[in-house]
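The lines below spell out each chain.
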Amino acid sequence: MRLVQRQSPSPLHYATAFLGSLATVILIVFALTGDLAVTARALATVDAGYLFRVFVVIGVVSLSGVVSYRAGLWNIGQEGQAIVGALAAISADNAAGAVMSAALAAAGWTLIPVALRVALGVNEAVTTFLMSLAAVSAARYFVEGPLKDPAKKGFIATVEAPYMEPVLAAVLLAGVLAGVVLLYRTRVGLTMRLLSSGEEVVRYAGKQPKLYIAATLGLSGILAGIGGAVEIMTRDAGRYMTLQQVSTGFGLYGISAAWLGGLHPLGATAASLYIAWLYQVAVNLKVAGLPALVANALVGTAMAWGLAGYVMYKYKVVWR
Amino acid sequence: MLIRRFMGTSRRELLKAVAAFAAGAVVGSGATYVALQSIKTAVEKTATTTTAETPKTAAGLPKMKVHFIYVGPIGDYGWTHAHEVGRRYLKSMLCPDPGKWCIVETSYTENVPEDQAYTYIKRAVSEGAHLVFTTSYGFMDATKKAAAENPDRFFAHCSGYFKDVDEWRRLANFAEYFIDLYEAYYLNGAVAGRITKTNKLGYVAAFLIPEVIRHMNAFLIGAREANPKVTMDVIQLGAWYDPEGARKAATTLVETSGADVLAFTEDSPTVLQTAEDYQKRGRAVWSFSHYSDMSQYGPKAHLTGQVVNWGPLYVEMAIRAYLAWVSGMKSIWSEWPPERPRDYWWSMKNAYAYYDYGKNPADIILPLNPAVPAEVKNYVEQLRREIIEGVWDPFTGPVRDMKGVVRVPERRRLSKDELYNMDWFVEGYGQLPS
Numbered sequence: 001m002r003l004v005q006r007q008s009p010s011p012l013h014y015a016t017a018f019l020g021s022l023a024t025v026i027l028i029v030f031a032l033t034g035d036l037a038v039t040a041r042a043l044a045t046v047d048a049g050y051l052f053r054v055f056v057v058i059g060v061v062s063l064s065g066v067v068s069y070r071a072g073l074w075n076i077g078q079e080g081q082a083i084v085g086a087l088a089a090i091s092a093d094n095a096a097g098a099v100m101s102a103a104l105a106a107a108g109w110t111l112i113p114v115a116l117r118v119a120l121g122v123n124e125a126v127t128t129f130l131m132s133l134a135a136v137s138a139a140r141y142f143v144e145g146p147l148k149d150p151a152k153k154g155f156i157a158t159v160e161a162p163y164m165e166p167v168l169a170a171v172l173l174a175g176v177l178a179g180v181v182l183l184y185r186t187r188v189g190l191t192m193r194l195l196s197s198g199e200e201v202v203r204y205a206g207k208q209p210k211l212y213i214a215a216t217l218g219l220s221g222i223l224a225g226i227g228g229a230v231e232i233m234t235r236d237a238g239r240y241m242t243l244q245q246v247s248t249g250f251g252l253y254g255i256s257a258a259w260l261g262g263l264h265p266l267g268a269t270a271a272s273l274y275i276a277w278l279y280q281v282a283v284n285l286k287v288a289g290l291p292a293l294v295a296n297a298l299v300g301t302a303m304a305w306g307l308a309g310y311v312m313y314k315y316k317v318v319w320r
Numbered sequence: 321m322l323i324r325r326f327m328g329t330s331r332r333e334l335l336k337a338v339a340a341f342a343a344g345a346v347v348g349s350g351a352t353y354v355a356l357q358s359i360k361t362a363v364e365k366t367a368t369t370t371t372a373e374t375p376k377t378a379a380g381l382p383k384m385k386v387h388f389i390y391v392g393p394i395g396d397y398g399w400t401h402a403h404e405v406g407r408r409y410l411k412s413m414l415c416p417d418p419g420k421w422c423i424v425e426t427s428y429t430e431n432v433p434e435d436q437a438y439t440y441i442k443r444a445v446s447e448g449a450h451l452v453f454t455t456s457y458g459f460m461d462a463t464k465k466a467a468a469e470n471p472d473r474f475f476a477h478c479s480g481y482f483k484d485v486d487e488w489r490r491l492a493n494f495a496e497y498f499i500d501l502y503e504a505y506y507l508n509g510a511v512a513g514r515i516t517k518t519n520k521l522g523y524v525a526a527f528l529i530p531e532v533i534r535h536m537n538a539f540l541i542g543a544r545e546a547n548p549k550v551t552m553d554v555i556q557l558g559a560w561y562d563p564e565g566a567r568k569a570a571t572t573l574v575e576t577s578g579a580d581v582l583a584f585t586e587d588s589p590t591v592l593q594t595a596e597d598y599q600k601r602g603r604a605v606w607s608f609s610h611y612s613d614m615s616q617y618g619p620k621a622h623l624t625g626q627v628v629n630w631g632p633l634y635v636e637m638a639i640r641a642y643l644a645w646v647s648g649m650k651s652i653w654s655e656w657p658p659e660r661p662r663d664y665w666w667s668m669k670n671a672y673a674y675y676d677y678g679k680n681p682a683d684i685i686l687p688l689n690p691a692v693p694a695e696v697k698n699y700v701e702q703l704r705r706e707i708i709e710g711v712w713d714p715f716t717g718p719v720r721d722m723k724g725v726v727r728v729p730e731r732r733r734l735s736k737d738e739l740y741n742m743d744w745f746v747e748g749y750g751q752l753p754s
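Residue numbers (our numbering), protein chains in the order written: chain A, 1 to 320; chain B, 321 to 754.
Since the hints were made in silico from the structure, they are not lab data. All values reported here derive from a predicted model rather than from experimental measurement. C-beta atoms are modelled at their ideal positions from N, C-alpha and C, and glycine is treated no differently. Incorrect hints may appear among the rest.
[Said to hold, decoys possible] Pairs of lysine to any residue, SDA-like flavour, derived with a Cα cap of 25 Å:
#1 B/K736 - B/K620
#2 B/K385 - A/V38
#3 B/K736 - B/A673
#4 A/K148 - A/A103
#5 B/K568 - A/Y141
#6 B/K383 - B/P433
#7 B/K385 - B/K483
#8 B/K620 - B/A546
#9 A/K152 - B/F482
#10 B/K465 - A/Y141
#11 B/K568 - A/E144
#12 B/K568 - A/A134
#13 B/K385 - A/K148
#14 A/K148 - B/P416
#15 B/K465 - A/A48
#16 A/K148 - B/P433
#17 B/K568 - A/V246
[As the list claims (entries may be wrong)] Just a sample of chain B residues kept apart from chain A, beta carbon distances all over 12 Å, derived:
#18 P382
#19 A437
#20 N519
#21 A526
#22 E531
#23 T551
#24 R603
#25 I652
#26 A691
#27 Y699
[What the hints assert, rightly or not] With the C-beta cut set under 10 Å, the calculated list includes, among others, these residues of chain A facing chain B:
#28 Q7
#29 Q280
#30 L293
Given the sequences, and given the hints that come with them, work out the whole structure.
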């Protein structure tokens, strides 16, 4: 068996990959439950409000991934940036203010890896990852100190973040999505993407690569921060942070969605919806008493299929 | 390599690909959803709420569905494991034989993130649960919200509180519950105070939250009553489960502070294992069990320890909910226990004097290590009896804090709220985390 490059790429294979992923999910769920009726219930039961909430959060974070990876920059600190965004949201009075302060706080937070990259050439993958770990400690400091809610009777938890209507969250996602799509139609957006071809190319195009690196990473951080703020504000109950639960894991799902969606804003958004559905399936399986780590496994298989889709899109499989 | 190539594909091709994926995703998921929905409606059994529609036992008793929502994995050998043991106890008491005598059907969901609790509770209710137990502080608001939305079901939340009397009155189908271990820590402290040679104790604390501060204080009071020369150093872990950190902390307490008895509040047996390692090298360092019997991890170093059995409390609450549900008389649930209705706060006082720890809600593990002299054993046993009978409490005044200020005046004890919110430290600490 070998792979031969296609004369013209075949986009249809992304749909094939999607169906393959779907089939795998159904098979896994069936293998776990061993019962057709239970499988159907696990796949078909959807809590629309929950699905939507997860979709919007992953959607916003996935755009953070798109902005960064399309520029060939490796911001993998979405989890930490989301935590900082959530902290900013907790300290805000209303949803609009929360989004603004989350954006500012995340921008400030991302400034450290940006400065290290621009000034000293330190790899941003390392710094953003380490900043994620730092974010957990920073968040714990705020939970125990400045943001602690004295009304919580000796329990250590922050005050509540303002509530964000799902409609507002939807508008926000649409706005961010449109913003990124439009950005990529401008010269600035083009130059950002050009970064993936190397700093020299950008310099040759007459632009300052460092400026664009800073802008791209900053924007990526801001989007992840907004994602974190949206996450905590759209919760049905318990819009506070505790010492035990600082990280939510949506940062990593956002990164997965970005890659699964072919690093295109629209693709990433569609992939976010798909991952949100996988998340819902995992909830259903857990309620049915099945292993708890299924969600990760399902997203993992989806990633594998996404990769297969890319290979099939580009190459033809020749069997001899 | 792959990524580089991917970046190299032209924009038009990429757009095509993405459009195809997006279209596939939308059409595919839409079609699947519709297809599955129709199957679901065909197979779905509607959730029952009235006793008339519920399956009955041979004796004609309806079965009540009880669902547990856990924050961690049931295999954590700490908090969630203890609740799972409690669920099994409930099952063994109220459903020993599904054919003959069985009035509950239990199920659980593990590893539920705190931010998603509401979704899981809602799912449990739609699956027909009549009584839902949620076992993490972070689940409180979600549980209250579900209780307000489903007045015909019962909800119980572990380790929370009612905001005010209004909320308590409004949520008549909702209860708070907790089993506290401070008395057991006090007894451990008594053993520690008598057994220490260096007069220095060490404490590994996950977080310095009021619950842990209460345990530390009770432990230190017990130790200093038995031996006034004792002081205690504390190291904070910053995590409930961190074996690596716990080992480092325990070693520091032994090597730097000179502690020879180590207590802890975190979810692993690491501190006990570390003490056992010292014992094997010929140095007498002792430790305890926490939450479940960990003596197998350190047979030499294990002095005693505190265990919690949620089972008896779960049986009590489930019977109350069951009777209220079957009879329709909500007061059977809502007006119990008498001292603080719908606010269960159990401890060693709810134990039986002549039972061993296996049947008591909160108790120390007996027998003590054979290395503990009989005189100490009698001393601890005497204190245990007095606590169970209610004639003694570790926080009986006068109790002073670190600055010497009297926090519990003479002839007074602490109320539940005062114990619950404890954020001050008693006399006798050496080094405390800032």
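Practice item. Measure nothing beyond the straight line between the CA atoms of B/K620 and B/A546; if it is 25 Å or shorter, mark the hint as holding. Key: Distance ~22 Å between B/K620 and B/A546 Cα, so the pair holds.
Exercise for review: Against chain A, does B/A526 hold up as non-interface, every C-beta pair farther apart than 12 Å?
Suggested key: Check fails; 9 Å does not lie beyond 12 Å.
Review point. At a threshold of 10 Å, is the proposed contact between A/Q280 and chain B supported by beta-carbon distances?
Key: Nearest chain B Cβ about 9 Å off; hint holds.
Review point. Is the hinted pair A/K148 and B/P416 satisfied, with a Cα-Cα distance of at most 25 Å?
Key: Answer violated: A/K148 to B/P416 is near 46 Å, above 25 Å.
Practice item. Test the statement that B/I652 is away from the interface with chain A: the closest C-beta pair must be farther apart than 12 Å. Key: For B/I652, whose nearest Cβ neighbour in chain A is about 28 Å away, the distance exceeds 12 Å, so it holds.
Check your understanding: Within 25 Å, alpha carbon to alpha carbon, are B/K465 and A/A48?
Key -> holds (18 Å)
Check your understanding: Does B/K483 lie within 25 Å of B/K385 when you go C-alpha to C-alpha?
Key -> Violated. B/K385 to B/K483 sits at ~28 Å, over the 25 Å cutoff.
Exercise for review: Could you grab the alpha-carbon distance between B/K385 and A/K148 and see if it respects the 25 Å cut-off?
Suggested key: Distance of about 37 Å is beyond 25 Å: violated.
**Study point:** Pair hint B/K736 and B/A673, alpha-carbon separation not exceeding 25 Å
**Key:** holds (22 Å)
Review point. Are the Cα atoms of B/K568 and A/Y141 separated by 25 Å or less?
Key: Roughly 22 Å between the alpha carbons, so the hint for B/K568 and A/Y141 holds.
Point to revise | Verdict on B/N519 as a residue remote from chain A, using beta-carbon distances over 12 Å | key: With a cut-off of 12 Å, B/N519 remains clear of chain A, as the shortest Cβ separation is near 31 Å.
Review point. Minimum Cβ separation between B/E531 and chain A greater than 12 Å?
Key: For B/E531, whose nearest Cβ neighbour in chain A is about 8 Å away, the distance does not exceed 12 Å, so it is violated.
Hints 1, 6, 7, 10, 13, 14, 19, 21, 22 and 28 from the earlier list are contradicted by this structure; the remaining hints agree with it.
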